[in-house]
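**Q** Next come the chains, spelled out residue by residue.
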Amino acid sequence: MIHFIAKRLVAMVVMMFLISVAAFVIIQLPPGDFLTTLVASMQQGSDVSQEQIAFLTRRFGLDQPLYIQYWRWISGILLEGDFGYSFQWKRPVAELIWDQLGFTMLLSLATLLFAWAISFPIGVYSAVKQYSIGDYIVTFIGFIGLAIPNFLLALVLMYIGFRYFGQSVGGLFSPEYRTAPWSWAKVWDLISHLWIPMIVIGAARTAELIRIMRANLLDELNKPYVTTARAKGLSEVRLILKYPIRIALNPFVSTVGWVLPSLVSGAVIVSVVLNLPTVGPLLLTSLQSQDMYLAGGFILLLSVLTLVGTIVSDILLAILDPRIRLE
Amino acid sequence: MSDILLEIRNLSTYFETRSGVVKAVDGLDLTLRRNHTMCVVGESGSGKSMTASSILQILKRPGRIVSGEMIYHFRDGRTVDIARLDPNSKQMRAIRGKYISMIFQEPMTSMSPVHTIGSQISEMMLVHEDVSKAEAKARTIELLTRVRIPDAAARFSSYPFQLSGGMRQRAMIAMALACRPDLVIADEPTTALDVTTQANVLNLMREIQRESGISIMLITHDLGVVAEVADDVTVMYLGRTMEQANVFDLFNAPKHPYTRALLGSVPRLDLQRGERLTQIRGMVPNPFARPTGCPFVTRCPERRFGLCDRQEPDLYRLDGSTSRCFQHDPVHAAAWAQNDEVLA
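Taken in order, these protein sequences are the chains called A and B.
Counted from 1, the first sequence has number 33 at position 33 by full-length UniProt numbering; the numbering is strictly sequential.
Counted from 1, the second sequence has number 90 at position 90 by full-length UniProt numbering; the numbering is strictly sequential.
No wet-lab data here; the hints were simulated from the structure.
Any given hint might turn out to be false.
Claimed, not checked - With a straight-line cut-off of 27 Å between C-alpha atoms, the simulated BS3-like cross-links for lysine-lysine are:
(1) B:Lys98 x A:Lys90
(2) B:Lys98 x A:Lys7
(3) A:Lys129 x B:Lys133
(4) B:Lys60 x B:Lys133
(5) B:Lys90 x A:Lys7
(6) B:Lys90 x A:Lys223
(7) A:Lys129 x A:Lys7
(8) B:Lys98 x B:Lys60
(9) B:Lys60 x B:Lys90
(10) B:Lys137 x A:Lys129
Because the structure is a prediction, the values reported are computed rather than measured.
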């Protein structure tokens, strides 16, 4: 097991390096660069001083060849946690990202748990009772969940929340709590705001996971080892929980790998519609405005999340399945 | 204690599908004796495995027992008609594994790939008996040793994919024996194994039977295996018993034309050069197009026109055996003998 994890970690480091190079190349790709944008904005009367430009040029080696620029960039991140400077926001990228990251992670995690908690029992039910009326109903709802664009769902839920529950909608806090210090009331306010984005972002994923769980379990339910378990005298509930579900879980947990990054990047539109303080909208504007270090930071972050997600799902799989662990 | 362990009378198991009813088992009669080995033989599709699934009531949907009885005799003299039990009932679950256990054909797929063989075997004891985990583990290791798995204590925590085919089947046998059942049903337990391993596994089963006095119902289509291990033999065709006899009678004096045909298709060492094996003509009929009259009439080399294709023969009791053929029917035997108008 330790050997298995160590191998994955080494592969992850190599992968990280390649990704950082790719991310750097990507942020260098658009025509024009950081300096020219700065100079242009100076001419528009921005408060960027000559010294500041000189400092940034030195700091990031902007007059140096690309590989030195890359080294400055990546060493800044690795050694000082300095992701560079966002021209648009005139703040260090790290600050901007960390600001939003907490809420993003919170929302992502809540959504993931929501999706799992809903899809697992429903998926199991609809597989065990295949072609029953209940199965048809959840399958129908599932497909609707998959088909509705989530920004539309967001608008509808916002309307319902506002019209019938009198909630302040949009964002993660009511206006009076936005800048207030943390308290139980604020936590409650957060929770009452969380459900809309959770459902909106989670709906499609939940529907998808229901389908995955149903298909996996259907594959397993007719396997000979289930018959063996039945022949042992186990009760139906016990044997289904112990054997086929256990094995059907494999593809289920491996979804965690792509759930992490897609929760961050996939929720951009929803975050814009719902005015959520997550990284999604920030990433979008940074790409639109060629805010290179900010965009690069995000690309790097998403990649790290992907890798972390993959490794987490690999480890979960190895715990679940000895065939992977003992390869 | 009765000498008889399980009496199956007129058992029918049907699968009602959209395209019609498949009569997997159709009026089967079979008697299992305590401490004996019964081999059930027949071609693919004759209902052998479905009989096994019916006894344990582990039929896949939409299969269900539609009629007949299966009287099981407990050691203390009580009896129960298994056919009347609800497949999901507590009583049925209490029989599975504890009194009747099963060895499946493919040990690789028949064991969970993600649970250790030890946990899969000891689970049997934990379900049926009031034992602690430690006790169950100790007994499991004992069992694994008994089925000659080397280094049993270490193998306890092995997964099925870490064992060889023969070992896996031994583990499967150990699982079947876990609660000291009275009957072990083995559904082609050696089909997936190579010949040497096959012989080892069969010897092991025989040995265990001698030691612990269990009955074995062995489903096979290998007549060599039958000659080797059987006490009694039931020959099945299209879900029915065609002949039941003890193994010596069956091989020396087969009664039913189908039995004779099966025996004639086995390669033998005493065949002359150039002599051909006989084969049974035609194919097992489509389950939706069962012949009228005798089930075997479409392929029988001894069928009598106007009789076998009109009426269905009963299972006739002969001296120590039974046969489902008009030539053994006291009423029709004379007519059968005279009528030499064999259908071509």
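**Q** Hints first: check each against the structure and report whether it holds.
**A** The hints, checked one at a time:
| no. | hint | in the structure |
| --- | --- | --- |
| 1 | B:Lys98 x A:Lys90 | violated, 75 Å |
| 2 | B:Lys98 x A:Lys7 | violated, 45 Å |
| 3 | A:Lys129 x B:Lys133 | violated, 33 Å |
| 4 | B:Lys60 x B:Lys133 | violated, 32 Å |
| 5 | B:Lys90 x A:Lys7 | violated, 48 Å |
| 6 | B:Lys90 x A:Lys223 | holds, 23 Å |
| 7 | A:Lys129 x A:Lys7 | violated, 41 Å |
| 8 | B:Lys98 x B:Lys60 | holds, 21 Å |
| 9 | B:Lys60 x B:Lys90 | holds, 19 Å |
| 10 | B:Lys137 x A:Lys129 | violated, 35 Å |
The structure shown violates the earlier hints numbered 1, 2, 3, 4, 5, 7 and 10.
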